[in-house]
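Undergrad: Reading the sequence shown from the start, the letters are residues -4 to 673 in the numbering used here.
The set of hints was computed from the structure by calculation and includes no laboratory data. Quick reminder that beta carbons are idealized off the backbone N, C-alpha and C, glycines included. Please note: incorrect hints may appear among the correct ones.
Under the rule of at most 20 Å between Cα atoms (straight-line distance), these lysine to any residue pairs were calculated in the SDA-like manner [as the list claims (entries may be wrong)]:
id, residue 1, residue 2
1, K478, H452
2, K292, M232
3, K74, G184
4, K103, K74
Beta-carbon label-pair distances, calculated as ranges [said to hold, decoys possible]:
id, residue 1, residue 2, range
5, F449, V555, 20 to 28 Å
6, E310, E116, 41 to 49 Å
7, E303, Y475, 34 to 42 Å
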Amino acid sequence: MELIEKQELIFALDIGTRTVIGLVAAVEDNDLTLLCEEVREHPGRAMFDGQIHDIPQVAAVVAEVKKALENKVGRTLDKVAVAAAGRSLHTDRVSVVQEIDQNSEIDKTFVRGVEMEALREAHRRLDESPEMKDRYYCVGHTVLGYSLDGYWLANLLGHRGSVIGCEVIATFLPGSVVNGLYAVLERCGLEPVNLTLEPIAAIDVAIPDNFRLLNLALVDMGAGTSDLAISRDGNIMAYGMVPVAGDEITEAVVDIYLVDFNTAEGIKRKISEGGDIQFIDIVGVEHSINCEELLEKIEPALDKLAGELAGNILELNDGEPPRSVFCVGGGTRIPTFTDRLARCLGISPQRVVLRDRSNLPNVKLSDEENGLAVTGPEGITVAGIASVAAKRMGFDFMSVLINGREYRLFNTRTLSVSDVLGLIQFNPRDLIGRNGKDLSFILNGERKVVFGEFARHAEIEINGKPANLQSIVKDADEIYVVKAQDGWDARGTVGDYLPQEQGVMVFLHGSKETLEPAGLVNGEPVSPGHEISPGDNVVIKLPRTVAHLLEIRGVERRTVIVNVNGEQVGLSHVLKDGDRVSWHIPEAGEEKPDLSHDCATETGGNPVDQGINVRVNGDEIILTKPNPIFIDIFRHIDFNDSHTQGVPVLKLNGEKAKYTDPLSSGDEVEVSFQKGSR
């Protein structure tokens, strides 16, 4: 192995329930070359169903494998790729949608945002699940596809639309699994550089990408657990785990022949060799049985095992049998197992096959004699662990500080800020602020919109330098995220729209007052500090007439008598500087004149007809002239106002009007002026 000293080596460990397999590999011309490996069995039952129970005992076996491989390659192995058992795996398939600005081109920020929202939804569902009592960590996700305005897309980049979505398979591991693996490696002086999942590793080499258009199933049966995966339409569509495997057969042998577990394990392994098997039971009786007899005895256990696996495969595959099943792992070597599984699935026995290393694409075997200790299906998973590490060298255990808090993460070496924030369940809504709401209302008959404040998006720093969501994160980086700030909602007060004009100075009930411009909101007088609400109807009044004065003071015009400079006046009387104004409620017996017009004053106060009620530019007035026509309302318009300059535009009940159009009670009259020559 002279070339090993010059190669970049990959050390992979498959820490199984019964055995530990260590493999050293290297990448050569885009192929993974398996150089050498070591296999050791646990001396006792240190693991159950893929879960580490006795950390010191497992660490001792791993250290033995590590030392043997170091002797073979002549180098220290201090970095390792590992996999966690599928028993600890939780997966969730999640779909989410988000509304976006349809005028913006979709870039990586939008795509990352919707993916992070999907992961957050998966986290939320996991946290709310009553079965999940342990703390789970997201160790990766696979995007199955995206949607744009309800249409399925493979890639969103560069498109435009109003609603984007994505569907992901998110994978989770409990902290106890990660911590248990890490504790074993730490005792052996090994640094984990890649963590994957056993079914992901196995399928990486057993069912390569170009096979995944077919509907295939993978069964990885070890001693304690059986991991499942389903491929279809170019993707891995589902992962699963069945808590039954080779140990079910071993335990059946224990029960049938009254032997200890290790003896039963040896008996089970000899089934594939044929011939007679000799052993001594726990009471010292010697036995000799042939393989056919043994298979007949354990047939119920084999049928039960195949039935449970088939049932889970059908459940993962939407009730349909796959086109073919690839079997890996030492547990699948039991004679007749593949035939029984095919029968339970209802497919041809030729479609259920053992997968070994002899024909794996892009995987080469060492030419060195005795370099590889495993040749059968039990060697697939460890080769897959090395293959995943070679491709991604990822799922690093990384220590990073985020806003002063330390997080230990594992993911690809191209981990971005976006990835990191997704792993720690950082709320993606804290990254992109919301613009403040606009304020829309009516001001003097015209719609007015005040725009809300623009949001301040999140600010990101890595080690004190500006960064963004796509910035790469390395081990020991210090990340500081200032959360996005929403923009202030637009606000306005009536005082913001009062004109800066000189008011009319009058003596009101003897007190000197200046009648400043005032505001009405939805017909009610308000103070300048009154907050405007969306949809309000705001009218700004210049108090130049008696009617305006009474309105802004909130006085019911029909209940009072108004005097200006000692004389009773009508509503349209125009006020001037120095006028002395007062009003009072008529006493009993006192005749109350009609304040709706000033004809009475001008004609000496002769009684007049009750008249009709009409609204002129939003103000209610009473016309007492018999058979009034449109031109009569001009007696009630203040022509001194600067807004009444230009060509008059007449409307009656929303339609164009003429000066001679007759008016009726309840009519809506509008008079405006357009700039131009008369």
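Undergrad: Determine for every hint whether it applies to the structure shown.
TA: Consistency of the hints with the structure:
Under the criterion of a C-alpha separation no larger than 20 Å, the hint pairing K478 with H452 is consistent with the structure, at around 7 Å. As the CA atoms of K292 and M232 are separated by approximately 37 Å, the hinted pair breaks the 20 Å bound. A C-alpha spacing of about 9 Å is found between K74 and G184, which places the hinted pair at or below 20 Å, so the restraint holds. In summary, the hint linking K103 to K74 is not supported, as the alpha carbons are separated by about 33 Å, beyond the 20 Å threshold.
Between F449 and V555, the C-beta spacing of about 50 Å breaks the proposed range 20 to 28 Å. In this structure the supplied range 41 to 49 Å is violated for E310 paired with E116, their Cβ-Cβ distance being about 23 Å. Checked against the hint of 34 to 42 Å, the pair E303 and Y475 fails, with Cβ atoms roughly 51 Å apart.
Hint violations for this structure: numbers 2, 4, 5, 6 and 7, all remaining hints satisfied.
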